[in-house]
Amino acid sequence: MEGIADLGGTTGWGPVRPPRRDEPVFPERWNARAFALTLLAIRVSGRNVDAFRHALERLDRNAYLDDGYFGRWLNAAELMLTDSAILAPGAVTARARVLRGEQIPEPPAPKPRKPDYKPTAEGSLRTVDAPAAFAVGERVRAKNMSPTGHTRLAGYVRGHAGVVAAVQPAALLPDTHAHFLGENPQYVYTVCFDSRELWPSGSGTDSRPFKLTVELYESYLEQDS
Amino acid sequence: MTSDDSTPSAALRTEALEQLLVERGLVDPAVVDGIINTYEADIGPLNGAKVVAKAWSDPDYRRRLLEDGTAALGELGFIGTQGEHIVVVENTDKTHNVVVCTLCSCYPWPVLGLPPSWYKDPAYRARVVREPRAVLSEMGLDLDDDVEIIVRDSTSEVRWLVLPQRPAGTEGLTEEQLVPLVTRDAMVGVAKVAAP
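As you go down the protein sequences, you meet chains A and B in turn. Mapping the first sequence onto the numbering used here, position 71 (from 1) lands on 71, and the numbers just tick up by one. Mapping the second sequence onto the numbering used here, position 103 (from 1) lands on 103, and the numbers just tick up by one.
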């Protein structure tokens with residue numbers, strides 16, 4: 001899905017933050033609560049990790065950025081819970097206002113509407129009968145596609161060619177799993193790209209070439225003739 | 001009551017969310033506490049430091065670690081959420097690996113714990129796949145021109161762990177003595193391990 005979350009190669013972000021020694025895992029208390037509540041919200045809303053990542057992707061710019069990593073987790077948790085009608089839209093904000101002393105009505109709890117979904121096994125790895133379509137050393141091209149829903153095909157890789165560096169274990173496909181449309185298990189490939197294939201020379205790009213690998217699901221790839 | 005049009009803070013909204021879920025019996029606050037405790041106390045980069053120290057001290061473990069990371073980490077009990085399939089790559093004089101997740105912040109939790117703030121920032125996620133040498137320099141690591149950089153973008157459930165080089169001058173140290181030298185930053189690839 002096109003959106004703020006697909007950050008690879010985007011510009012204008014300024015300098016990186018140098019590592020700090022002994023940085024706390026949760027700098028503020030609410031970070032810790034938000035983190036744990038979000039993990040639980042995936043199960044309470046009857047969803048899965050891929051649907052959670054898609055909830056993050058659907059946040060608008062402010063909801064994604066303004067309160068940092070844990071802020072976007074909190075917002076994605078709320079989105080999953082309202083999508084599944086566990087919470088009413090606006091319920092969290094209304095309760096927060098009440099907590100700071102405002103006298104406002106809170107929306108009633110809706111009737112839950114969880115997705116028709118159950119995982120077939122733990123985790124994401126699966127077995128497939130068909131052999132892997134591509135082999136180590138083979139040249140492949142990432143399809144120039146941009147699904148409206150969830151995908152793990154990063155925008156900066158679309159349409160570019162690289163070499164299969166490894167065939168990873170088959171796994172369920174996030175693109176359909178996030179929408180409860182099936183697991184579609186398939187092989188995953190570590191594809192190695194030359195930086196000169198991906199990036200224009202000039203500002204914002206290292207002058208010395210480098211290599212970059214990404215994992216790409218089989219349905220993201222085609223042979224590069 | 002004065003009315004306040006500002007959106008409540010993330011802290012207040014988190015409290016609100018927890019209240020709403022707990023009062024409906026959907027979440028147990030003790031379970032919330034337990035998850036927090038796990039990632040504050042039990043699972044962190046010390047796990048990875050033990051793996052690296054062992055790999056430096058035991059050539060056969062090193063070989064197993066590079067051949068099948070998940071299994072070798074499993075030997076030490078470092079399995080779990082976000083660690084279904086972990087690949088370990090070694091940094092050498094000629095090759096430097098650095099890890100990122102541009103799409104969200106995926107990270108090998110069982111062996112390194114939760115990611116540090118810089119890893120999750122848009123600046124790192126956006127820039128390290130495009131100008132890794134400049135990013136590493138900003139973070140304090142300057143690599144020689146003849147070192148090849150390989151950036152690993154974690155776009156699937158495969159997770160990446162860097163096996164950093166053992167620093168010169170540590171030949172006499174025991175495995176136990178090596179553990180505190182190994183930093184989280186070195187296992188992501190934005191730093192090297194320094195000798196004591």
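Since the hints were derived computationally from the structure, they do not count as laboratory data. There may be inaccurate statements among the hints.
In silico PhoX-like pairs for lysine-lysine, Cα to Cα no more than 25 Å straight-line [said to hold, decoys possible]:
1) B:Lys120 to A:Lys211
2) B:Lys94 to B:Lys54
3) B:Lys192 to B:Lys50
4) A:Lys118 to A:Lys211
5) B:Lys54 to B:Lys192
6) B:Lys192 to A:Lys211
7) B:Lys94 to B:Lys192
8) B:Lys54 to A:Lys211
9) B:Lys120 to B:Lys192
Covered, in the sense of this in silico footprint (three residues per stretch, anywhere, with C-beta under 8 Å from a C-beta of chain A), are these stretches of chain B [claimed, not checked]:
10) 60-67
11) 116-130
Think of the CB as a built atom: it goes at the ideal place given N, C-alpha and C, for glycine as much as any other residue.
Results for each hint:
1. At roughly 22 Å between alpha-carbon atoms, Lys120 of chain B and Lys211 of chain A fall within 25 Å of each other, so this suggested pair holds.
2. A C-alpha spacing of about 23 Å is found between Lys94 of chain B and Lys54 of chain B, which places the hinted pair at or below 25 Å, so the restraint holds.
3. Taking the CA atoms of Lys192 of chain B and Lys50 of chain B, the gap is near 16 Å; set against the 25 Å cutoff, the hint holds.
4. Only pairs whose Cα atoms come within 25 Å are accepted, and Lys118 of chain A paired with Lys211 of chain A is rejected, the gap being roughly 39 Å.
5. Of the pairs offered as hints, the one joining Lys54 of chain B and Lys192 of chain B holds, with about 17 Å between alpha carbons and a cut-off of 25 Å not exceeded.
6. A threshold of 25 Å between alpha carbons decides the hint, and for Lys192 of chain B with Lys211 of chain A the separation of about 19 Å falls inside it, so the pair holds.
7. Proximity of Lys94 of chain B to Lys192 of chain B is assessed by CA-CA distance (about 14 Å); at most 25 Å being required, the pair is judged to hold.
8. Distance hint between Lys54 of chain B and Lys211 of chain A is unfulfilled; the C-alpha atoms sit about 29 Å from each other, more than 25 Å.
9. For the given pair, Lys120 of chain B sits about 20 Å from Lys192 of chain B by alpha-carbon distance, which is consistent with the 25 Å threshold.
10. Three residues within the 8 Å Cβ limit are the bar, and the segment 60-67 of chain B against chain A gives 0, so the coverage statement is violated.
11. Counting residues of the segment 116-130 of chain B whose C-beta sits closer than 8 Å to any C-beta of chain A gives 14, which meets the bar of three, so the coverage hint holds.
In summary, the numbered hints that this structure violates are 4, 8 and 10.
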